[in-house]
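Colleague: Since chain A is already given, all that's left is putting chains B and C on it; use the hints.
Residue numbers (numbering that gives the first Met the number 0), protein chains in the order written: chain A, 0 to 384; chain B, 0 to 256; chain C, 0 to 341.
A few of these clues could be false.
Unchecked claim - Pairwise CB distance ranges, derived in the manner of DEER restraints:
id : chain 1 : residue 1 : chain 2 : residue 2 : range
1  : A       : Ile296    : C       : Val170    : 54 to 64 Å
2  : A       : Pro136    : C       : Leu195    : 56 to 66 Å
3  : B       : Glu133    : C       : Pro284    : 47 to 57 Å
Calculated from the structure, these hints are not laboratory results.
Cβ atoms here follow ideal geometry from the backbone N, Cα and C, with glycine treated the same way.
Residue-level listing of the chains:
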Amino acid sequence: MFSLSRKNVITLVIFSAIVLTMPIWLKPLGAAYPGLMQKFVIYAIFAIGFNILFGLTGYLSFGHAAFLGVGSYTAVWSFKLLTMDMIPALIFAVIFAGIFALFIGYFSLRRSGIYFSILTLAFAQMSYSLAYSVLTPITFGETGLLIARDDPRAIDAMLGVNQSASGMPVPSLLGFELGGYSGFYICAVVLIVAFFLSQMIFASPFGMALRGIKSNQTRMMYTGFNTKPYMLTAFVISGMFAGLAGGLLAVTDPIAGAERMKWTESGNLVLMTMLGGVGTLVGPVVGAWLIKYLENIFSAINTNMLNNFFDFLPDGVQTVMVTVMSKFVGEGWHLTLGLMFVLIVVFLPGGLVEGTERLVRRFRRIAGPSDEPTGKMASGRAGND
Amino acid sequence: MTEATQNVVLHVADVYKNFSGLKALSDIDLQIVEGQTHAIIGPNGAGKSTLLNVIIGRLAPTSGAVIFEGAVLTGKSPHEINQLGISRVFQTPEIFADLSVLYNVMAPAFARRDGSFRIDIFHAVEDQIEIREEAEKLLHDFGLYDRREDHAGALSRGDKRRLELAMCLIQRPRLLLLDEPTAGMSRHDTNSTIDLLQTIKESGMTIVIIEHDMHVVFSPADRVSVLAQGQFIASGLPQDVKGDPRVKEAYLGGAVE
Amino acid sequence: MDAILAQLLNGLDKGGAYALIALGLTLVFGTLGVVNFAHGALFMLGCFCAVVLRQLLTIETVTVDPTQLSPWGAAVEVRTPLVQAWLGDWGAFLVDYSVPISVLFAVPVMLVIGIALERGLIKHFYKRSHAEQILVTFGVAIVLQEIVKSFFGANPMPQPIPTDLRGAADVGAWLGMEANQLTYPMWRLVYLLFSLGVIGAVFAFMRFTTFGMVVRAGMTDRETVGVLGIDIDRRFTIIFGLAAVVAGVAGAMYTPLLAPNYHIGMDFLVLSFVVVVVGGMGSLPGAVVAGFLLGILQSYASMNEVKEILPGIDQIIIYLVAIVILLVRPRGLMGRSGIMEG
Numbered sequence: 000m001f002s003l004s005r006k007n008v009i010t011l012v013i014f015s016a017i018v019l020t021m022p023i024w025l026k027p028l029g030a031a032y033p034g035l036m037q038k039f040v041i042y043a044i045f046a047i048g049f050n051i052l053f054g055l056t057g058y059l060s061f062g063h064a065a066f067l068g069v070g071s072y073t074a075v076w077s078f079k080l081l082t083m084d085m086i087p088a089l090i091f092a093v094i095f096a097g098i099f100a101l102f103i104g105y106f107s108l109r110r111s112g113i114y115f116s117i118l119t120l121a122f123a124q125m126s127y128s129l130a131y132s133v134l135t136p137i138t139f140g141e142t143g144l145l146i147a148r149d150d151p152r153a154i155d156a157m158l159g160v161n162q163s164a165s166g167m168p169v170p171s172l173l174g175f176e177l178g179g180y181s182g183f184y185i186c187a188v189v190l191i192v193a194f195f196l197s198q199m200i201f202a203s204p205f206g207m208a209l210r211g212i213k214s215n216q217t218r219m220m221y222t223g224f225n226t227k228p229y230m231l232t233a234f235v236i237s238g239m240f241a242g243l244a245g246g247l248l249a250v251t252d253p254i255a256g257a258e259r260m261k262w263t264e265s266g267n268l269v270l271m272t273m274l275g276g277v278g279t280l281v282g283p284v285v286g287a288w289l290i291k292y293l294e295n296i297f298s299a300i301n302t303n304m305l306n307n308f309f310d311f312l313p314d315g316v317q318t319v320m321v322t323v324m325s326k327f328v329g330e331g332w333h334l335t336l337g338l339m340f341v342l343i344v345v346f347l348p349g350g351l352v353e354g355t356e357r358l359v360r361r362f363r364r365i366a367g368p369s370d371e372p373t374g375k376m377a378s379g380r381a382g383n384d
Numbered sequence: 000m001t002e003a004t005q006n007v008v009l010h011v012a013d014v015y016k017n018f019s020g021l022k023a024l025s026d027i028d029l030q031i032v033e034g035q036t037h038a039i040i041g042p043n044g045a046g047k048s049t050l051l052n053v054i055i056g057r058l059a060p061t062s063g064a065v066i067f068e069g070a071v072l073t074g075k076s077p078h079e080i081n082q083l084g085i086s087r088v089f090q091t092p093e094i095f096a097d098l099s100v101l102y103n104v105m106a107p108a109f110a111r112r113d114g115s116f117r118i119d120i121f122h123a124v125e126d127q128i129e130i131r132e133e134a135e136k137l138l139h140d141f142g143l144y145d146r147r148e149d150h151a152g153a154l155s156r157g158d159k160r161r162l163e164l165a166m167c168l169i170q171r172p173r174l175l176l177l178d179e180p181t182a183g184m185s186r187h188d189t190n191s192t193i194d195l196l197q198t199i200k201e202s203g204m205t206i207v208i209i210e211h212d213m214h215v216v217f218s219p220a221d222r223v224s225v226l227a228q229g230q231f232i233a234s235g236l237p238q239d240v241k242g243d244p245r246v247k248e249a250y251l252g253g254a255v256e
Numbered sequence: 000m001d002a003i004l005a006q007l008l009n010g011l012d013k014g015g016a017y018a019l020i021a022l023g024l025t026l027v028f029g030t031l032g033v034v035n036f037a038h039g040a041l042f043m044l045g046c047f048c049a050v051v052l053r054q055l056l057t058i059e060t061v062t063v064d065p066t067q068l069s070p071w072g073a074a075v076e077v078r079t080p081l082v083q084a085w086l087g088d089w090g091a092f093l094v095d096y097s098v099p100i101s102v103l104f105a106v107p108v109m110l111v112i113g114i115a116l117e118r119g120l121i122k123h124f125y126k127r128s129h130a131e132q133i134l135v136t137f138g139v140a141i142v143l144q145e146i147v148k149s150f151f152g153a154n155p156m157p158q159p160i161p162t163d164l165r166g167a168a169d170v171g172a173w174l175g176m177e178a179n180q181l182t183y184p185m186w187r188l189v190y191l192l193f194s195l196g197v198i199g200a201v202f203a204f205m206r207f208t209t210f211g212m213v214v215r216a217g218m219t220d221r222e223t224v225g226v227l228g229i230d231i232d233r234r235f236t237i238i239f240g241l242a243a244v245v246a247g248v249a250g251a252m253y254t255p256l257l258a259p260n261y262h263i264g265m266d267f268l269v270l271s272f273v274v275v276v277v278g279g280m281g282s283l284p285g286a287v288v289a290g291f292l293l294g295i296l297q298s299y300a301s302m303n304e305v306k307e308i309l310p311g312i313d314q315i316i317i318y319l320v321a322i323v324i325l326l327v328r329p330r331g332l333m334g335r336s337g338i339m340e341g
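So that you can see chain A by itself, here it is in the shape it has in the complex (with noise of 0.2 Å):
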């Protein structure tokens, strides 16, 4: 039931091995924290749900924050209500998320083109309108949602469970709580568990029926294919992924706010995800990590280690050049992100898997002209529109 080629076996436990030793690999890059490395994973499974629908069907939602949003309050209130087992708090979020995305989706996907990415733009402005205004009762508004010690949590009322005495409750799995490392292997797993699934989606049937609808819609509906629901379940699978990345977040960090919601992220995840590599398997993944990575690197920079950085040059010089890169660190660190934007958009069209797999064919081709071309149809991606 479960098939999957050698090459697709073979990258899922490279993959696999990849997230597991994070601590080990990312501690000379100064970003083995858990509370990073949960970020890392968290932010890859949100890349790579999106990536099921701007991937393979080329459309390209400018909403899927909202999704995130409601995965996270989900799991929130799953937590306050319910238990602070992960397990319930996930399912929710994932089902509420999927709910969410249907609903968005059915109207949205009536349009395609920038129609549709200006529709879905419209549903999750609303819903963070709303997050903030009418919803407060749900939302607690600017507050956040938090969890509270008296909070019912009645399955675990019921089964007697006590969590630590003294301080918060802490999302638990099955009676172990989470935290620090713990809490990244969780999340690891269900990443691991996202990327096969995509895998397995990128090489179904389904997944070539999506692909057929971004290369040409027209054929499709002449072929036979009813492209409506294809397109809706891609919408809701990738509603999914993002409200599972919501709840993650959620229990990391139980707490859930409306900012999660706000357009400019649903920009930034489009931004991991050509990052990377639109519509190939590893590329959201890779996008997702270099720009946490950089944002946490980045930001966390002040003017002290710039000076420190700087102080082998003359007095003047190292001013100015400090002046200059202040600019981009620290809290400007949204300016190298825009710009990143820009230049990936302007010279790395394909995102950094498509360049490295053209860096390694030239390569090749220099080595030695006997070998046979690669990538053609590796990833069945091309231009959108």
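Modeller: Chains B and C only, in chain A's frame:
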């Protein structure tokens, strides 16, 4: 040999189509018999495209009906019509330019096997040996086997046309619709397409060809209907139609090539 | 009745801003075929043209006036804007009218920025996918707003209305009502008239100049215009510059109504995209009509009477309208079919 004893696959019954008062089609009655190749020819603007669009359900006739093996096609969506057994070749080839040539042919086979919608993520396309072999064989017959791994978008125009035909044929349609299959082709490509049509016809396929160029259809067609100003002015065996003075006048306008 | 009329007026000035932004957005859409997510940032830059001009005009000299003493006996520092010191009353006038004057300042600045942006970046994206256009312009928007943030900080920077225009206009009296029945802040009225003027100018430009005719032809059928061999590249550049100018002046004049901060552009961007879509992509009259329409609708939705019935409606009305319009009438109010679809 009367048509009543033969199996009528497609029946276009008394179709009229008006566009805001303008009569695009009037009194169109057409019966396509199983196993035959039926050509519909006519000069530009005669209503060929309108007729085709009425047949495939894209346009609703003002009156009359299109019946395919007992099912009314009007109001059905393209995928439903395809699932009933009608495959269509477009004037400009509609293929999946971003997919490999092989996948182009495999995808329609999935639609045939799995219906118009099925979520199957537990099997890999690569593992569908039966469909794969069928597609490869077809590509072989069409001379495209060596290019099966290439992007379909990289094919020449003639190859794209052949690929599209292969995509239709793998569905084993009950009826194959061809819309100007040689439009914009070189003489060489035109000839090879005619040969290809001959082969397909010999496999027993029911074919409707909409064509502007008379010469393309005269050899493969069993029957020819001539459309002019929205009406059939002649219908019958190719040689009869060819000799019909009305056809000469309306279609060729005196300027016989 | 008066309340309804008052809300109508309240919606008009906001509608004017929407219309101006959407006008440029749809112009760029229709001619260049570019989805410009940086357009909001251009509006923001316009706002900061007003801020910068005011800062320049209010560079002060500090003199100590020994003749005046503060209550605790120290000499009073007198701050005089340099311009005033040099030009006297005329200078004071300049300072007072910094916002309207900044429009003149904004025009060349925005034109240069627009042309530079088009030549340097946008022109390479005519043939790329919409997704890539969106991303690259989104990136530009972030860069622009972060640059502004690094110079001006994150706090809103309110701009004063010229003293003469601070009062309220008794619109009711003009319409034959009793005095003070229906008043409307003078500056909002100015903004409304200003936006109408700019809209009129743009339409006149498009209608009565050869340049405009070619561009309109290009909006209808880009390929034909290309075939005609008209130097479309240069025109595209100018169009982009024009769109930037329109967005910029719209921003500069808006500063007294809403104190600008670095992300004001992003806030307006989504709304103006909605306006463009509602009006119909590529339709200039559609953008204007939809701009005013949505401004007015938003103003009605924020009435307490309405909010009581439909809580939160003021926050989402624009999106709701956009969704409904897109679903019911996909080409928008005045759009042609097929544009930007697929």
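Colleague: If I claimed the Cβ atoms of Pro136(A) and Leu195(C) lie 56 to 66 Å apart, would that claim hold in this structure?
Modeller: Since Pro136(A) and Leu195(C) have Cβ atoms about 43 Å apart, the given range 56 to 66 Å is violated.
Colleague: Is the gap between the beta carbons of Ile296(A) and Val170(C) within 54 to 64 Å?
Modeller: holds, 57 Å
Colleague: Are Glu133(B) and Pro284(C) spaced within 47 to 57 Å by their CB atoms?
Modeller: holds, 56 Å
Hint 2 from the list above is the single one not met by this structure.
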